[in-house]
Each structure stands twice: as structure tokens, then as C-alpha cells.
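Participant: These are the residues of each chain, in order.
2 protein chains.
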Amino acid sequence: MPETVSGRESRILEIIETARAKRAKFRDTHITMSHGAGGKATTSLVEGLFAPAFASDALNALGDAGSVSADGLDLALTTDSFVVKPLSFPGGSIGELAVNGTVNDLAMAGARPLALTLSLVLEEGLPAQTLRAEVEAIAAAAREAGVEIVAGDTKVVERGHADGMYVCTTGLGLRDPRGKLAPDRLRAGERILVSGSIGEHGTAIMLARGELGLDADVESDTRPLWPLVDALLDAAGPAVSCLRDATRGGVASVLNELSRSSAVAMIVREGDVPVHPAVAGAAEILGIDPMYVANEGKFASLAGTMANAELNAFFRDDMKKRTK
Amino acid sequence: MPETVSGRESRILEIIETARAKRAKFRDTHITMSHGAGGKATTSLVEGLFAPAFASDALNALGDAGSVSADGLDLALTTDSFVVKPLSFPGGSIGELAVNGTVNDLAMAGARPLALTLSLVLEEGLPAQTLRAEVEAIAAAAREAGVEIVAGDTKVVERGHADGMYVCTTGLGLRDPRGKLAPDRLRAGERILVSGSIGEHGTAIMLARGELGLDADVESDTRPLWPLVDALLDAAGPAVSCLRDATRGGVASVLNELSRSSAVAMIVREGDVPVHPAVAGAAEILGIDPMYVANEGKFASLAGTMANAELNAFFRDDMKKRTK
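Protein chains in written order, with my numbering: chain C, 116 to 439; chain S, 116 to 439.
No lab work stands behind these hints, which were simulated from the structure alone. Check each hint, because a few of them may be wrong.
Now the stretches of chain C that chain S is said to cover, found in silico as 3 or more residues with beta-carbon under 8 angstroms [unchecked claim]:
| # | stretch |
| --- | --- |
| 1 | 184–198 |
| 2 | 225–235 |
| 3 | 282–295 |
Using C-beta positions, here's what the derived DEER-type ranges look like [said to hold, decoys possible]:
| # | chain 1 | residue 1 | chain 2 | residue 2 | range |
| --- | --- | --- | --- | --- | --- |
| 4 | C | R258 | S | S149 | 27 to 33 angstroms |
| 5 | C | A346 | S | S149 | 46 to 52 angstroms |
| 6 | S | I400 | C | R274 | 34 to 40 angstroms |
| 7 | S | K295 | C | R274 | 43 to 49 angstroms |
Interface residues of chain S toward chain C, partial, derived using beta-carbon atoms under 10 angstroms [to be verified]:
| # | residue |
| --- | --- |
| 8 | I131 |
| 9 | P242 |
| 10 | A277 |
These numbers come from a predicted model, not from an experiment. Each residue gets a CB set at the ideal place from its N, CA and C atoms; glycine is no exception.
All chains should be built: construct the whole structure from the sequences, respecting the hints.
Facilitator: Structure, rendered in C-alpha cells:
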């Protein structure tokens, strides 16, 4: 089954069939950091607690965004809380991240962003200057993504809570008819393409915390993905089965989630996944796998019928155009 | 100008004209608890920082929900973060509050709730039992409000942060054509009606904290307001200028905000505003004014042409029907 792959540049992973996994159960007695890390414990919370309690078809689909139908209109709704330490880091900051992260979840659902809401939890004593800087970052990111902030809320919590600020953004989008994307549409024989080098955001954050005594020139890859998705849907349309941005938990967690949703297994060749040398170096020293490190501007695209060469050309072109 | 008012039962406040207030400026150097309290400092943050930075028409309107137009559809989008200590209290809990609060913001915009998103920030070490209880409260409140939870997110922060949990809910609604509601539609001669006795939610929370050494039988009034608004729009339709739920900052803050938006002043007769004796008693001991205490199931309705007697009958009827 596994065909010969054409080397590092192709970024191709393969899909084979498997049995459908059982829904994970939530059996822990207390919440631990791992429940928020995007891996197995998070899945157990979503599949074992939230989805059954809310009996929601949209939640059960476990996509990046929920579906809402209004007067025949196919809308997508997605929400994300951002808790980042430190608040700013090489390549971005929490405000920019909050806008891009939510716009990207819409993009992954094949939805053009229409509007955002912004809910802030601020820590008592936060310098107004820090807030101003993040408000400006949010405004700039929203302008770049072409989306308006239409509603907001601010709460303040006592000193020592909230790490400066937590940001919750929710995005409303209109699903694009060119794409028929779903996490359960993957079939054996399809290919997975990663849209660029991985692990940069998470590595930049870890380095910025300064706890590791490491110094490397790695910037977060945070950026809005809708323009790229828009172009991809134009180029490939229905040939694309699914898109997923590889945030928390990295590319590995995305592949795990999609394997579960579609009842398929995936063959990943480490050498085919592009990793920036500085990221690879930091990961080696820290003993972590870049496949599990967060990205904020990369996605896995799952294409059935599109030819290998065409997809490669598409992403090479995007890499060239990227100014950031 | 001030007419004779017909006593406590009428719950009538009056509106007179005034000059338009200037936009508040944000000049503080640090964030304080007051920036989250819903009063003047919050207004300075919204009018002085957020609205100019985001240059958003929807935010500038300062309504309970933002407007989004999609293919001719008139949608409303609103977001709220809930930070409550303790997490549960007589009459409700943070989960129920988060659903009702957001559904109610949609209702105040004259919008029928379509979908909710739920974003949780959990504290490391939170007992799973507490989370389960809140997830069930959220599910029950969503069922009662007739709205589906279509997307979610969970983050976990280190022990000692987030007070157990913070909940951010965002609501999408479809504006009802029967209502033409706006915070700047108030005109001199109109009347303000409060939909019931005030100050219960905030008083219940203060008592539940147990810091005051006071014991009184006060329950939060948390409930979804859309059914009542639905009936009101049926009964009064275009005669209603504006609806606003009197949450953070209480009825007084709502009246202040609306005065600013519509360039009117209001005459409030204390004796005409219904207050439960237990709330009045607690407020007197604590030296606070129930007009500034939060509600979660009461709103101010601003009616131009509807007759006094009709509106009174409407709200009396609602009070009778309330099972909670």
C-alpha cells in the first residue's frame, strides 16, 4: 500500500483504513494541565463529558467550528480561550493570536470570517500600556484578516489570577460552497499535506519563557489562514477532504483526532515533515517531538484526488509569497 | 413634565431630554476591579479604548449584542465572560448563569437565540465533580432556553488561578422583525418599566460568600428572558423602544448607559422601584443601593406609546406565571 514518497519537499503522509475507535471516557477525579493540552486527556473531556451532556450534533462532529443553519444560510461558529505566558513573544502576542486562532478555525471549516467577538478577563493591576498594546494587536490582526469585532465584554479578577489577561474570541463565518470539508471524510489512499514547517509557535513560546536557558532564533508562525484556504479552495475545491490547523498538541494530535473521526490510520515518515533547523535543535535538546508542538499558521490538508505535484506547487508558491 | 405616577406597582420611571454626553476617555495607568464592575470605569474602557481601536459600528452602538448582516439576514452576536465566586449560590451557579446571561443579551437585542458556544478556563486541581455539575447546569439551562451548544474550547491554568473556572459564552441570534430596539431610541415622555423586583442576584452572591456575617433568604433571579421578551414583542411590538437587562451595575448603570446613548435624563422615584424586603434589608445593613446591585432575570423596558395599565398587566401576568 505505502507508495514511494518523493522526499522531504512533498510533506506527504498517507492514510490507511482501520477500525472505528470507541468514544473516550472521562474518568479522572480532578482536572490536570493535560486536560487543556489538546491530547488524549482533552479528547476524554470532550468525548466523555461535553458531547454527551450537550447532546449536540455540532459538537459531536468534533470539527474546528460548529454548524448553524439560519434561514437556509450555512454558518460556522467557533470559540477559543487564549491563556499564554508570556503575553508577548517573538513573532506575536496573545491579542494577535486570539484573532488569528479563531479566524483560522473558521477557515479550517471552509468558512469565510464574518465577525468576531472579544471577551477579556483582566488581572487587577495590569498596566494600561499592556492592555493598549494588546488592543492594538487585536485591531491590527482583525484588519489584516478582514473581520470586524462586533461585540465584547470585560471582566476584572483579583491580583494574582488570570496571568495578566485571558482572551476569549468567538468567530462567525459563512461556509464556502467550494469546500465540502469534514473530519470524517478521510479515506484510505488519500494524502495529507502539511502547509509548511512545523513547531515554530510552541517553540517560540517555550523559549520566550526563559526557563530553559536556551537561546534560539525562532518566531511564532501566527497568521490568518483564510487567504491561503481561499486560494486552495479555488485551486482544489472538492478534492480537499478536510483541513485542520495544527495548534495545541501539534500535527500529531491533529492526525490522531482525524484518525479517530474517520476510522483510518496514517503512515507518517518523519523525514517528510519539514522542520526548521532551529526548531529541530531546540526540540532535540528539550527531548520533545516537533510533531507535538503547537503551530498557529500551519495546517494539515487532506486531499483525495489532487495530484501530488500540483499540491506541492501550491504550497511552495505560498511559502514564497509569505512575507512573515 | 413629570406626571403623577400610580404608585409602587407601576414601576414607572420617566425620561426627559438632555444634552448628549461626551465619549468617556480612558486615562488610567492600571486596571482596577472597577473596570470590570459595569459602571463609569467600564464605560471609559469601552468608549475610550475599545470602540476607537476597533472602529466598529456595532461596538459603537454599545448595545447588548452586535449586529452582523449575512446574505440579508439580520443576526445578533454577543459574548460574556463569567467570573463568579462562589461557583454556586442559592438559585443558581456559574454554568446556568453563563447560558442565561448570554441568551438574555440576545433577547435584549430582540433576537431569538440560535446557538451558543462555550469556552472554559479551568483551574488545575478542580474536582471533576464540580465540573460535571456545571456541565449539567449548562446543559439544563441550554435546554430550557431552547438553544444548542455548537462549539466549545477548554483551557487549563495553573493551580491558584481562575477561581475554579471561568466560563465564556457567546450567543448567535436572529433579530425578530417585531422589535425595533436600540439604546439610542429613547425620547422624552417615554416610560421605563422594570420587569420585576431588583437586586436579588447580586445580593444572593454577596451573602453566599459568607464574608458579611449576614444570613438572609435571597435567591438569584437567574432565568432565560427570551420567552418573556417574545410575549412582550407580541403584545407591544414597535411600542417598545429598548430593552436592557440589568446585570452588572444594576438598574442604575443601565439607566446611565441609556441616558448617554439617547441624550436623555431620567427621573427615578425610589418608592416606585420594587425591591424584595430581604434585599432591602441586606442592602441597608451593607450600605449599598439595590439600584446598583446585579440582576440576572430582570430587565428595563422602555415603552413609548403603550399604555401604563397594559404594561402593568403584562408584567403582573409574568410575575404570576413565574415558577421560579
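Participant: Evaluate each hint against the coordinates.
Facilitator: The hints, checked one at a time:
Requiring three or more residues with a Cβ within less than 8 angstroms of a Cβ of chain S, the coverage given for the stretch 184–198 of chain C holds, as 11 such residues are present. Counting residues of the stretch 225–235 of chain C whose CB falls under 8 angstroms from any CB of chain S gives 6; the rule of at least 3 is met. As drawn, the stretch 282–295 of chain C meets chain S at 4 residues by the rule of a beta-carbon pair under 8 angstroms; at three or more, the given contact holds. R258(C) and S149(S) have their C-beta atoms about 30 angstroms apart, which keeps the hinted 27 to 33 angstroms range intact.
Under the hint 46 to 52 angstroms, the C-beta atoms of A346(C) and S149(S), about 47 angstroms apart, fit the expected range. A C-beta distance of roughly 28 angstroms is found between I400(S) and R274(C), which places it outside the suggested range of 34 to 40 angstroms. Between K295(S) and R274(C) the Cβ separation comes to about 44 angstroms, which falls inside the hinted range of 43 to 49 angstroms. For I131(S), the shortest C-beta to C-beta distance to chain C is roughly 30 angstroms, which exceeds 10 angstroms, and the interface hint is violated.
Interface restraint check: P242(S) against chain C, minimum CB-CB distance 6 angstroms, threshold 10 angstroms, status holds. The interface hint given for A277(S) holds, since its Cβ lies 6 angstroms from the closest Cβ of chain C, which is under the 10 angstroms cut-off.
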